[in-house]
Each structure stands twice: as C-alpha cells, then as structure tokens.
Amino acid sequence: MQIFDIPTLKSLLKPSLNWLLVFLPVAVVLRVWPQLGNETALFICSCFAVVPLAGWMGRATEELAEHLGHGIGGLLNATFGNAAELIIALTALSKGLTGVVKASITGSIIGNVLLVMGGSILAGGLKFREQRFNKTAARASTTTLTLAALALAIPTIFHVSAAGPSGGWTQATEQKLSLAIAVVLFVTYACVLGFELITHKQLYASDSQDGEGRKEASGWSVSKSLLVLTVATSLVALMSEFLVGAVEAARSALGLTEVFVGVIVIAVIGNAAEHSTAVMMAMKNKMGLSLGIAVGSSLQIALFVAPVLVFFSYLFGRPMDLEFTLPEVVAVIVAVHLIFQISGDGETNWLEGVQLLSLYLILGILFFYLPERAHTG
Amino acid sequence: MQIFDIPTLKSLLKPSLNWLLVFLPVAVVLRVWPQLGNETALFICSCFAVVPLAGWMGRATEELAEHLGHGIGGLLNATFGNAAELIIALTALSKGLTGVVKASITGSIIGNVLLVMGGSILAGGLKFREQRFNKTAARASTTTLTLAALALAIPTIFHVSAAGPSGGWTQATEQKLSLAIAVVLFVTYACVLGFELITHKQLYASDSQDGEGRKEASGWSVSKSLLVLTVATSLVALMSEFLVGAVEAARSALGLTEVFVGVIVIAVIGNAAEHSTAVMMAMKNKMGLSLGIAVGSSLQIALFVAPVLVFFSYLFGRPMDLEFTLPEVVAVIVAVHLIFQISGDGETNWLEGVQLLSLYLILGILFFYLPERAHTG
Amino acid sequence: MQIFDIPTLKSLLKPSLNWLLVFLPVAVVLRVWPQLGNETALFICSCFAVVPLAGWMGRATEELAEHLGHGIGGLLNATFGNAAELIIALTALSKGLTGVVKASITGSIIGNVLLVMGGSILAGGLKFREQRFNKTAARASTTTLTLAALALAIPTIFHVSAAGPSGGWTQATEQKLSLAIAVVLFVTYACVLGFELITHKQLYASDSQDGEGRKEASGWSVSKSLLVLTVATSLVALMSEFLVGAVEAARSALGLTEVFVGVIVIAVIGNAAEHSTAVMMAMKNKMGLSLGIAVGSSLQIALFVAPVLVFFSYLFGRPMDLEFTLPEVVAVIVAVHLIFQISGDGETNWLEGVQLLSLYLILGILFFYLPERAHTG
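Protein chains in written order, with numbering that gives the first Met the number 0: chain P, 0 to 376; chain V, 0 to 376; chain F, 0 to 376.
I should point out that these hints are in silico values taken from the structure, not numbers from a laboratory. These figures come from a predicted structure and were not determined experimentally. There may be inaccurate statements among the hints.
Any copy will do: because identical chains look the same in the list, a pair fits if it lies in one copy or spans two.
[Unchecked claim] Pairs of lysine-lysine, DSSO-like flavour, derived with a Cα cap of 27 Å:
1) Lys-126 x Lys-283
2) Lys-126 x Lys-200
3) Lys-134 x Lys-223
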C-alpha cells in the first residue's frame, strides 16, 4: 500500500512506531491459533500494534482537518484526537470492565500531563536553556484541566462523605451525580472549543504558525485521508477486541492489578503517538505546540471522552459512575497542580521535565504496590 | 418615603432588586395571619425581601463611609459590608441552628468566589475580549483567602485525625481549637485592613478611581444615610426572624438538606446585592472593583463574620465550633484555589467565568444529592 | 579559643545565639550529676545549646565551601547545611524514636517555610515597602518543594487506601514503597543540584552577588574552618545524645505529644541558625538570598535528609517508612502551597509575612491540641 511505502518525513523521524506494525499480524496469528501462544502474549502484541495505528489515525484526522478549514477541522481534531482510547474504552465498557475503563481515564490524564509533558520538557530542555510559550493559552488549558480534575474528584468525595451506617449513600444517587457532572463537563468542553476555535483563536494562532512542522510536507488528499482513517480505525477496533479479551488473563499471569493496568499500561499505549509528536515538537523548540498536544489531550479525555463513556454506558445498560479510587483522584489532582505550577510562567527548563517525570515515577510506584481491592476510603 | 420614590440611577439599573421589596409586606401578612399561607411561603417571601434590603444596607454604609473619609469609612465598609448575613446568622445561632449557620459561612465564601465572580467575569468577558486589573492587589486578597480556607479546614482535619476508638477526640478540645483559630483569623483580618487602608492603600487607589461608578451621583447626607441604614437593618432583622423561624418547616416541605439550604439558598440571598454590583462593575470594565467586591466579601465572611459568630456563640451559651462537613471544606478549598489560579495573571476572559460557574454548578449538584447526615469522615 | 574571642561582625549582629553557648556546660553538668536537675532541664539546656553550635557548623561549612570553589563548595553547603538536624535525627533513629524523627522532618519543612520565611518577609517588609527577587529561581525551588511535599504524602495515601479488612496493607509493602520513593527523591535532589550548581547557576549568581553579606569579611583559613567544624559537630553530637536521651521523660513531664515535640520543638531548635541569617538578609533587602536559605533548607530536608534517614534506618536494622500522620501531611502540603502562592510573583510585602506566620500559628495550635495517638485515618 502506497501509504506505508513512501518514506515520509514522519516515518523517518520516528521509525520505531511504524515498526511496531509487525505486531499486528502476530496478534492475529495468536488469536486464530490459540494453541500457538497464550493470552499474555496476545495482550502484549495487540498493545504494541495499537501504538502505530493510533498514530495513523491521528495523522489522518489532522490531514482531513487541514482540508476542512480551521473551524470544522479544529472540531474534528478535538473530537477524534483520542479516538483510539475511546475505541478501547468502549470495547472494555461493553464487556463490563468498568474498573479498567475508569482507571484508563485517570491514567490518560496523568500520563499526558506527567509522562508526555515531562518527557517533552526534558528533551527540549536538554537542547535549549529556556523554552517559552504563550502564557495565557497555557493558563486557559491548565485552569480547565484543574476544573476537570476537581469535578472528577466530586463523586469520590460524595462516597467518602455519604458512606457509613448513617450516611445514606446509594449506587443510584452516585450514578445520578456522575451523570449530572458528565453533562456539566461536556457543556464546559463545548465552551472551551468555542474559546479556542472562535473567540480567542488568535492565542492559539501563533502556535499554528509554529505548527507548520506538525502538518508536514505531504498534504494527503481527502480520499487518502478517509481511507487511512477507515483502515486504521477498523484495525484499532480489532486490536481492542483482542486486547480487552485478553486483559484479565494477562493481568493475573503478570500479577498486575486492575488499577495498574488501566492507569499505567493502557494509558501509555493509547498516548504513545501523542508522546512521540510532543517530544519532537519540544525538540524543535515549539513548546507551545508540545504543551497544546499533551494538555489538550488530557482535556479531551476529561471533558469529552469521560462524559461520552458515561453516556454510552447507559446505552450498554451498564451505567458507569465517575467514582474513582482515592489514589487515582489524588494522582490526577497532584499531576494537574504540578503542570499548572510549571507552565504558569510561560517558560520551561529541563529541571521541570525531571520534576514531572519524578512525580510520574512516584505515582507509578504507588499504583504498583497498591493491593487489588484498595478502593476509596 | 423620598428615598424609595426618586428614581435614582441605581434603581433604574437594577430594577429587579427593588421590585423584590413587594415581598416584605407579603411576608408580614403571611406571618400575622398564619392561616393564609404556610411556612414554606413565608420562608420564600422573607428570603426575597432580604435581597433588596441588604442592597440598601450596603448602599447606606457606603454613603456613610464617603462622609467619614478613607480610613474610618473603609473600616466601616469592611465591618458592616456583610451585616445582613451577620444578622441572619446571629438570629439562627440564637435559635441553636448551628448547622445552617456554619453552612451559610462556607456557602457565602463559595457563592462569592464562584457565582458572583464567575457571573461577573462572564458578563464582562462577553463585552470585552480581555479585562485587566491590579495583579498585586488580587494576589494579596486571594492569598489571604487561601489562608482562611486552610484555617477553616483545620478543625475538620483535627476531627478526622483524632476520631476513632484510640483517638481521644472531645467536643471541648474541638471548641478550644476553633476558638483559638477564630482569634488568629480575627487578628489576621486586622492586619489585612491595615494593609488595605494604611500601608498599601495605593494598590487599591487605582480601583477607587475606577470606583467613581460605585459611589454614584447621589451623595446622600449623613442623616439620610443613617436613617436608611437604621430602617433597612431593622427590616432585615425582622425578615431574619421570619426566615429562620420558618426554615426548618420549609426545608422538610421542600425536601432540602440543612447543608444545601445553608450553602446554596441562604448564601445566594445574602449575597444577591454584591452579585448585582459586581456584575455591573464588570460590565463597565472595572474588573478590579468587581473582584474587590466578590473576593473582599468572601474575606470578610471568613476572617470577620466567622470569628464574630464563634465569639457570640459563647455569649448565647451555645459554643459553636468551626468544624465543617468534608464536602464543605473541599468546596471552599477548591473554589479558592480556582479563583487564585484565574486571577493570578491579572487578566480575565469569558471562559474563566464559565469555569467558575461550572465549578459552582458541580458543587451545587454535590450538595443537592448529599444525604442529610453525611457529615465528616 | 581565638574563634570565639574576636568579636566578628556576625557575633555582634546576633549576640543572642552565641550567648546560648552557656547552656552547653550546664547541660554537661546536669548529665554528669543527675541528682542536680531533672530530665526536663537537661532536655531544655541541650536544646538551647544546639542552637549556636548549629550556627557555628553552618558558618564553618560556608567558609570551607568558599575555599573549594563554586561547584564543590556548593555541594558541600547543599549536603552539610542541615548537618545538625541530621545528627539529632540519626541519634534518635538509633534509639528507635522513629515517631519523633519523622515529625522532625515535617516540622523542619513547615518551620523553614512558614516560621523562618514568614519572619523574614515580615521583618523585611516592615523596612521596605516591596521586596523583589528572581522569580524563576524561586519557582524552581518551590516547585521542587511541591513535588517533595506530594511525594511525602504518598505513603500516607497508600495506607489510607489499602487499610481496612479487604485492603491488603502490610508493613513490608509500606517500607518498600517508602524506600522506592526515597530513592526517587534522592535522585531528584542530584538533578536539582545539577540545575543550581551547573546548568542554571546564573539564576543564582545574582543572589551570590547579593550574597557578599553572607560570606562576611573574616575569611577563615581551611584549617580553622575544619577545626571549628570538627569541634562544633562533636559538640552537637554530644548534645543530641543528651537531648534524645531526655526527650521521652521531658515530654511526659511537660505534657507534650510526640508529634508536637518533633514538629514544633525539635524543628525550631534545628533551624534557629537559618532563621537568624534569613531574617538578617531580609532586613538588608536581600530577599532572594533569604528565600534561598529558608526554601533551600526545606528542600534539603525533604530531598536529602529524609531519604538518607530512610537508608540509614536499614543499617540500624530498624527500617523507617515515610508514612506521616494525616495532620503532618496536610501541614506540609498547605505550607508549601502558601509559599508557592506568595513567592510566585517575585515580590513580597509585610502582609505576606503575616499570612505565613498566621498559618504557622494555626498549625501549631492544631498540633498542640492533637491527642497522642491521633494518627492517620
């Protein structure tokens, strides 16, 4: 297929991601002849195969957005930018794995904010003494992220407060509360899009100008973009089936908890493509764009993906609430607080990358040691 | 009476508030002939009647302050600015409704910071692309507010830590702790006044210059100011009697919890006048003044009204502590954090108003669903 | 001894600290003839005697650092700046007093950030209307401090989450978690030193230039520095023996809890020397240096002393975890948050000093009223 053959700039810059496509046929083989491998191998192979596919989905979405103009194109990017995560989560949700789904929401936020952003700031900071970006745009994003982090903490606070013999906590109230919060977050996301794409698009314009490196030279046609999008999405859906089908067996084989798999493993896979792009942008001293990718992706997860998952859970007849475990809530809040503190002055240096990565490591250690049933309060 | 007859600029600008005076006689009628209505109607009517009266009290205080010069006048404003809330709270305290009183303290802070400020920033932001104000003055206020929010969380942390079989928590220690914190907050308030009115008054001077819109054309005489103040205060006291007397019956009739009534209902009523002034200032692009009203009112509640209520509770022989429910503590801290984050850069836009209002909505939802006895821990 | 005889500038500026050396022989006498006094008197005398000795240790370290050049000298300062605290803590650790040791870690952080910094800002602010300092350097320090505060909260969050019948919490996991976090903090400290001493030393250079007041006129020789360092360190070790030996008896005689003694008493003693230097610098309008001393000392405690104590605890065969009581965790986080908020704009005024001191007072009240066994959860 022409798309994969021609060595584009992107494929040369990050060869590792496309090479991972080799795991796609391996995963199919493992699934068709189960006697060949085991569930753990299938899980790992489909995990690896999702990474480049998510990258192709993102690429195709951006190329398509290019043709649709700033407004609609921006909306497309804003809604389908995390489509791979959404597909995996919906597949898991349809199988009733709400624990993993919820953990992957918090994990995506933490991963983008600490791992992707920390890695980008460190990589950029090793090349440049100081990197600057638009302070107001960064503040708008991190403040919305703060709001989202606080909103996602509310159901847990509700549970802790209303639990106990005289508390009067019920599952039904928890779900109503979560649904109402999901609606508020969804509406807030619409406002954020209005701000970024309509009323204050100039704040982000300087980034787009910077952003020429992002759209790259190629310039795909609409039909090519649609074809790649369709193929990559179908393959991501297939891999999600494999991945979700094998996750429980793989978990117990590897001795990992549900929260650890959701927060660390699934989140890292789903965001690998963003990670590689954000780091590249940082190394080109386009810090505003790098921050936009990482924080924007977190925002999308919190304000769009999470509410959509709640809405879909009602369609599947298995209502999902937004109550997270206490460590997840704490992790999201502290991660968002640190990125606010670091990005608030409009400049970064390598030490700030180290600080974000240190926190990611510390939270990873916490989730690693956390026993299986260690839920709220 | 001349005061209400002449259509001043103010009355033309916010006709809705003065029109609410119609509820004053209705409330009196409902109280005198109980067979006519019910407690819920009385509660609602006296609630509405308080709104314009509080506005007149505030107006009269400001006019009086004008005659007394900057120093003493500022002190007057600073101590009587929330007199309506104080009267309602003292009435409730004398009847032993400490739950409602405490909830109205946290509700006033949250309401001013999120609802009043969010509404002002949104209203102003829809007219002006960006609104600027003195960063240093804003930081001084929000930092003091942060301190107050943390201080008000301490008794709850004490309870959570010291509770349990081996904890050694006692009601008496809780009260001593609360009293000591109230004293520290009161002394801090004196320092804040010294900063604002004496040592750093220049920071606030640019606002006052702006603030000509606030004092308006009228220029009441001292005797007129005193007369209005006396009449309005007496009527607020009367309405408070009605309101507090009917609150329990109205609560159960409407199916609302004590915390919801205190945090949302009472707080909205007591701050309606500030709300309307702050929004007007924002729409005139006097953001510094708008912020000063909303954040200043929160500060007054936390550093002056709350300690005074604790002191008076000893006079009434029903010592009130400063232990709040966990959701209240969380709500105050997150509200204060968001306003700090938003005001820290000395400029606002409409999205920041939406963010504050979203958080208010989310907290309102939390308090609405929270069952009655869902207290700390 | 010549060192103590010649009235240097320093000794004239802070005579009070050196006068405390009189408690050194008193403590020895009390220890040798136990019938003369009691344990409480011994505890108090050795406490007072440590204060000037810690000052001499710090002075000698700085003089030595002067001879070793910027890089190695900075490293020396960074590792031995809190040697007195480290000696006291190691002595207490070897006797199994882990409660006091852990409380002294959090107490040192809180004390430096709130008491030392608050006192300095207030003292400086009473002389100067506004004091400015390098914003970027301050942000780098306070962000690292935020990271450290969050890291130190993780084991407590782990305990709260994993406790309970189905939680699966074990002491061994807690220790492994703490050890892993200690390693991450230690590595982060190495990065911070690399930032401050190598890659971004210019940020701190303006402070050093300012800092001529710090190195003072004297210019000790290497041998004199080493002699003073050796003598002062030995005497601190001796006083630590006395102090730690008497602490339990003194505690019960004075009716103070373990946490109060660790958080307030030990922390104040260990940081008295920093306090006096930081206040002096602030009064000379060298706010950057003052902030550097107080925040730098906190950083050293959190990122160097705490991990080293964990490592040594394994040598002593009594593994110490990093789980603190809930009030300690809250106190550290709120203290660090307030200093971040105050120092974020690169300028201070007297009110900000009052705010920090108010919070210290409020936390002191909390720890004073907290009953003995009021630990996490």
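Note to self: Hint compliance check: list the failing hint numbers for this structure, sorted ascending.
What the structure shows: 3
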